[in-house]
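Let's have the full structure, built from the sequences with the hints guiding it.
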Amino acid sequence: AQRVTQPEKLLSVFKGAPVELKCNYSYSGSPELFWYVQYSRQRLQLLLRHISRESIKGFTADLNKGETSFHLKKPFAQEEDSAMYYCALSGHTGGFKTIFGAGTRLFVKA
Amino acid sequence: GAGVSQSPSNKVTEKGKDVELRCDPISGHTALYWYRQSLGQGLEFLIYFQGNSAPDKSGLPSDRFSAERTGGSVSTLTIQRTQQEDSAVYLCASSSRLAGGPGNIQYFGAGTRLSVL
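Top to bottom, those sequences are chains A and B.
Under the numbering used here, the first residue of the first sequence is numbered 1, with each subsequent residue one higher.
Under the numbering used here, the first residue of the second sequence is numbered 1, with each subsequent residue one higher.
No lab work stands behind these hints: they were computed from the structure.
A couple of the hints might just be wrong.
Subject to a maximum C-alpha distance of 25 Å in a straight line, what follows is the list of computed SDA-like cross-link-like pairs (lysine to any residue) [what the hints assert, rightly or not]:
| no. | chain 1 | residue 1 | chain 2 | residue 2 |
| --- | --- | --- | --- | --- |
| 1 | A | 97 | B | 38 |
| 2 | B | 57 | A | 45 |
| 3 | B | 17 | B | 96 |
| 4 | A | 97 | B | 27 |
All of these numbers come straight from a predicted model, not from anything done at the bench.
This is the structure:
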């Protein structure tokens with residue numbers, strides 16, 4: 001079954017500290033992985049996707065097929081990073097339906 | 001329009017009344033999703049439309065919930081006999097189906113905040 005697991009419902013770090021939001025997935029085949037972010041009073045929006053291999057707002061995520069993980073990382077957290085983060089996957093096996101994880105709320109403290 | 005549009009932005013209703021929520025997806029997007037987001041909670045999948053295929057209704061919480069998508073574009077989510085636990089933000093998203101390219105990214109509307117009194 002296709003599934004996305006975000007084990008942490010809430011993550012709190014101090015400004016300047018490294019942050020890692022965990023995401024594990026279960027999928028038969030080659031999925032496309034995404035991270036979406038929802039800042040306070042803003043729309044849910046794409047942060048990054050694994051095929052782009054880019055860094056957005058200092059965040060990176062590497063797809064580890066062996067561990068079936070797609071953890072989101074940033075070396076130095078900023079207060080403006082405080083938001084709700086969702087990991088998601090999509091692929092041919094599921095008819096391209098996107099599956100979201102439960103989300104992790106990140107608090108970056110001053 | 002340039003993005004996904006949802007209306008109304010806020011809806012207050014009395015318990016037992018029916019409500020209709022509307023979603024205008026991005027033009028040309030074949031996939032349309034409805035989600036529910038309760039206060040402080042994550043996304044709850046409700047229903048998925050993809051082109052002319054039968055919709056995936058596996059997330060609808062009860063038979064009071066239904067949705068349709070007319071002409072492959074606008075979608076309406078209907079909640080009959082609303083209950084207080086239906087209070088939430090209802091989000092719509094659309095995407096084009098193409099995997100790997102610029103498609104398959106979901107674009108979300110601002111949501112409809114439903115309050116059932």
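Here's how the hints hold up against the structure:
{"no.": "1", "hint": "A:97 x B:38", "result": "holds, 22 Å"}
{"no.": "2", "hint": "B:57 x A:45", "result": "holds, 24 Å"}
{"no.": "3", "hint": "B:17 x B:96", "result": "violated, 34 Å"}
{"no.": "4", "hint": "A:97 x B:27", "result": "holds, 19 Å"}
Checked against the numbered hints above, the structure violates only hint 3.
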